[in-house]
Each structure stands twice: as C-alpha cells, then as structure tokens.
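Engineer: Knowing the structure of chain A, use the given hints to seat chain B on it.
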Amino acid sequence: MKIMNVNIKVTFWRVLFVIIMILGLYSAYIRYFKGLGAVSNLSDQFPWGVWIGFDILCGVMLAAGGFCISAAVYLFNIERLHCIVRPTILTAFLGYSLFIVGLLVDLGRPWYMWHLIIYWNPHSALFEVGWCVMLYTTVLLFEFLPNVLERFQLTWALKIVKAMMPVLIVLGVLLSTLHQSSLGSLFLIMPSKLHPFWYTPALPFFFFGSAIAVGLAMTIFESTQSAKAFGRHLEFSVIVELGGALLVALWVNALLRFLDYYHRDMLAKILQPSYEAYFLWLELLLAFVIPITMLSFKKIRLSPNGLYLASLSTILGFVANRLNIATTGLEGWVGHHYVPKWSELMITVSIIATGFFLFAIAVKYLPIFEHGPVAAEPVLEPKTIRGEMPKPSHAAT
Amino acid sequence: MSKALLYDSTLCIGCKMCEKGCAEHNGLPYDDSIAAESKQSEHKFTVVLTENDHFMRKLCMNCDEPACASACPVGAFHKTALGPVVYDVWKCIGCRYCMVACAFGVPKYEWGALNPRVRKCIMCPDLVQRGEQTACAAICPTGATKFGERDALIQEAQDRINQNPSNYYPHIYGKEEVGGTSVLLLSAVPFEQFGYPSPEKLGTRPLPQYTGAVMNRIPDFVPLWAVILGGIYWLANRKNEVAEAEAMEKHGGVA
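So the sequence lines, in the order shown, correspond to chains A and B. For the first sequence, the numbering used here gives the first residue as 1, with consecutive numbering after it. For the second sequence, the numbering used here gives the first residue as 398, with consecutive numbering after it.
If you're looking for bench data, these hints aren't it; they were derived computationally from the structure. We put the beta carbon where it would ideally sit given N, CA and C, even for glycine. There may be inaccurate statements among the hints.
Stretch by stretch, here's where chain A covers chain B in the computed footprint (C-beta under 8 Å, at least three residues) [as the list claims (entries may be wrong)]:
(1) 449-462
(2) 469-482
(3) 490-496
(4) 510-523
(5) 599-610
Bound-form chain A, shown alone (with noise of 0.2 Å):
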C-alpha cells in the first residue's frame, strides 16, 4: 500500500492496531462529547471500574520494572543485568506516561488536573500517589533522555543528566517505593466496604511486595517477546538470573499473604466456595501456585518458554488480584455486578496499543538495546553463556 509516497507494508497486527485506535479515538470522542456515564459502565455505586483498576492499580505496577532493575544493577551492583536497563526505563516512562494519559479520561475534570500541584491534601493517599507519580515520571523522563542525546550526540546534555544520574536513581526508587505501596493505601480507608478476602491493614505492603514481583515477571516476559518480535537476540543468562529473583519475590509475597489470613482467622473461609472466592482461587493460582511450582523445576528455570510462561501467569495472577481489590471485593457491598462497557474496554485497549506502537518505534530509532537500533542484531540466540555476555558499552544509564 502506498500512502504519500511512502511505502507501508499491510501486516496483521497493523491493521488491528489501526481498528483498535479508531475505536478508541471514537469512545475517547464519547468521552469528552456525553460524558462519562455515555461511555463507561460507572456509575453512582461503581465510580471507579477498569480504568482505575487496570490502567492505574495495574498499569503502574507492570511499569515496576523499571525501579526494579535500577535499583538491582546500581543499588546493588548486579553488572550482568545492565543490558536490560535501557529497555525497562523505556517501559517504565511508556507505562507511566501512558498511565496520565488513562487519567486524562477517568478523571471527571481532567482540565484541573494542574489543581493537584496548587491545592495539597496531605492526608490523603491519592495525594501522595498523585504527587509520587509525577514525580517519577519527570525522574524516569531523565533516566530516558540519554537514549535520545545519544542519538543526536548532543556530548554536552549527556554529560549533564549523567551527572545528575545517582540522584535520579536514589530518588527514583525512593518514589517507587513510596507510591507502589500508596496505591495499596488507597483502600485502607474502606474496612467495611471491601471484602476481608482483600482488606487488610497490610495492603500497602502487599502492593510494594507484588510490583517487585511483577516488575520481575514483567522483565522476563518483555525481554522475551522483544527478542521475538524484534529479531533480537534474547539476553538468555540474564532472565535466567530475573527466573531466581522472580521465584523468591514469588515465595515471600505468597509468604505474607498466607500469614495475613493466618493472623485474620481467614483461612478456613477463604477456602469455603462462594463468589469472591472462586475469583480469590483464580487469582492466587495464577500468582502463586503455577509460578512457583513451574519455577521449582531447574529444568523449567533454564527454558525461555517455561520463564516466559511462569511470568505471564505472574502477571495475570497480579492484575488479577487488582482487579479483585478495585472491583469483585467492593460488589458485595454494592449488591451488584460491574461489568465494563465495550467503549470504556477500547479506551484502555487502545492506550495499551499505543504503548506497544511506542516502543517499537523508539526501538527502532534510539539505541534501547545494546548495540544502537536492532536493524543490525542477530536473530535470537537464546544459548548466550553468562560469562560471554559483552560488556555494556555505556557507563552509567
């Protein structure tokens, strides 16, 4: 097909992703045009559905990578992981850039958004969430920024932000920890609404507990499906390394949710059948006993595809979990069900999209991995040797 002289191949996913992003401008036109109550399911007893839940509650914490690895390979010097920095930030400024975008829509008054800055309300969990996010998200546009000064040579700026690059890195943890765990805080103030299957006073913790995991699996599941998508060759010994990290962050998050229900008395009702619980089943299946028991076998941890796999169902199991906190726990109290509108699914739909278009397009044009734009990388090689693994080229990134 030829568009304006240019030359467009007309693949599968090509055409999806124009489908999904007309459907998308249409419920987005919805939005702005009728309102909120025209284009979603929300309503008087679900205010917040799946854009809260999913592209905030889980958007964020699949965007945890991102801390997750800085913090692995500058906090605690862990040199063989630093080929997969620059990938991660770039998921990380994506997924928190496109996570205001989801708030641009959700947000009744996205036009006074800026309010946030000038109005405080420390008491409030979303107040700190807010502020966290935008924070980090100036942080991560820092962390990304040598990606395009290198790209444009631009020598002078590149020796500024690395400069400014231990700072970026402390305070970008710092903010991580804070708001992945405010996320969790934004449900303490609901004991009697939120189902005890999911309230409980350690949310916080459980939110921090399961990014890490997530921002782990996430890692995993996006070095092995750019190597596919992109012909890349796949960093085999260093997801081998994530595998190990994801299996302990697996057993201590399972650890503190089973002592949760211990201390509550909860453990015989949780496996009493009833409707939050057959959700509860589902999400701690795939969170905790596929995973962990896939990753227990050497045979599976030292396979791309039983890596690959034990992650998805990682995060599966951890969005499923949100899920359930924004949603399945709070139908009780309401006394009905929500189920999202098909406009209000291809907002986020098509904000995922965008994602996806992004970092195929910033691939393509800025050195993400390692050796400059992948036109020039091998096809996947997953049998790399720990020990060869080339020396990052760049210092501090």
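Structural biologist: Coordinates of chain B only, in the frame set by chain A:
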C-alpha cells in the same frame, strides 16, 4: 458548638416535605416523578424510604471526621466547625475517590455532565451559618427532623428511647459510628433494614485513621529511606574504588 440533625423515624409520616424543602433550597428539580424515586442521586440529596409502616430518611451523615474529606487529593471537602461537610467544586478534579471512600455511599456524580460535579447534602451551611435550621428541618411538619446542638440532641434522643423503650430500636445511629456524625437517627427497626451499614460493621473508629496509620509515617520514612538508598548507592560505587585501591596496592602504587 457543633450542630446536628436528629431524625426520629417514629415521628415521621412519610410526607416527603423534607425532600421538597431540600430540592428548593439547593435549586434542584422536584416533581411527582422525582418524589417517587427511592434513591439518592445527583438531583436528590435526601430521600424518604417507606417499608411496611416504617419510614427512614437518607441524607449525608456529615461525619465528624469525614472519609471524603480525608480521601480527596485536592481537599475539595471539609468539615466546618458548625457541622456541615461542604464541597468546593472549583478544587475538584473529578477522581471520585470520595465516592469510593464514603462508608455510606453518599456522594453522587453527574455522570451525564461534561464538567461533572460531586453532589451530596451539605447540611445547608448558609442557613446554619446564619443561625437558622436546615431546610429539611424547617419544613418538617411533625418535628421528625429536628435541628439543634449535637450534644443536646443526643441527650434528647437518649431520653426518647428511655421513656418509650418499646417504640425504639435501642441505638442512636450516628452517635459513635465512624467516630460520630452530625446526623443522628432513631428508628423502631434495625437500621440495616433500610440499607444503612450495620453499626458493628462500621465500628466507631474514624475512617481517616485507617489511612492515617500509614500516611503519618511517611514524613519519617522519606528521609530515612533516602539516606539508606543513597548510602547503598555510595557503597555500591565505593566497591569499585576499593578494587582500584587494591590494584594500586598490588602494583606497589601505594607504599
């Protein structure tokens, strides 16, 4: 000095004049079809429910320590000294956390509006400020909704229960629920029958304290965690320094 409303459902005749008075004072539409609606909404801040021979009003409880005010990231809600919990639409960004946070599910939203507001009973702060009673109390023909000093109304409610124990379910709803509210309810039947959350479930602890237990630690946590992380960063990079020193030692660089 805090004011309150006492609604005694045993004195209520279900005439819905309070609904009408509320609508008039707040500039909301009111006609027969709206009178027939049995739930609070963006255009109906109070509602009189009827079940068998019993009536029950619903309105914002105007909590002493409101969850909505604590939850709002921009502080669009606040509790006034006189009792009303008021809303500043200018500050509101429309996040709807107030609606999720409220244990009574009171705040409602203008879902069809392009610049939507949160809507709820704000206990007529203009009237209360002038020393008058709220619109619903002023219009009530039987005295079922009574406006006054909170302490005096609690005493009166207790006296009514004591004098006619057979008429009342023995509980003043709002006296201690979620730390106390500026709306007090008396009923012949348990409040749950009209969709109020049970007192056992609500508890007497103000809801903002549940979040406060975590939020109050943040000012201490931030500098501590910053120093720990900064320290780890410094140590991590110092390891390289130490390695350099070792190398220098080996080559006899340092005597």
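Engineer: Please verify the coverage claim for the region 599-610 of chain B: does it have three or more residues whose C-beta sits within 8 Å of some C-beta in chain A?
Structural biologist: Held - the region 599-610 of chain B has 8 residues with a Cβ nearer than 8 Å to chain A, which meets the minimum of three.
Engineer: Please verify the coverage claim for the region 469-482 of chain B: does it have three or more residues whose C-beta sits within 8 Å of some C-beta in chain A?
Structural biologist: Since 5 is at least three, the answer is holds.
Engineer: Taking a Cβ-to-Cβ distance below 8 Å as contact, does the region 510-523 of chain B have at least three residues touching chain A?
Structural biologist: It holds, with 4 qualifying residues against the three required.
Engineer: Residue count check for the region 449-462 of chain B against chain A: does it reach three with CB-CB under 8 Å?
Structural biologist: Since 0 is below three, the answer is violated.
Engineer: Between the region 490-496 of chain B and chain A, see if three or more residues pass the 8 Å beta-carbon test, and mark the coverage as holds or violated.
Structural biologist: holds (count 6)
Checked against the numbered hints given earlier, this structure breaks only hint 1.
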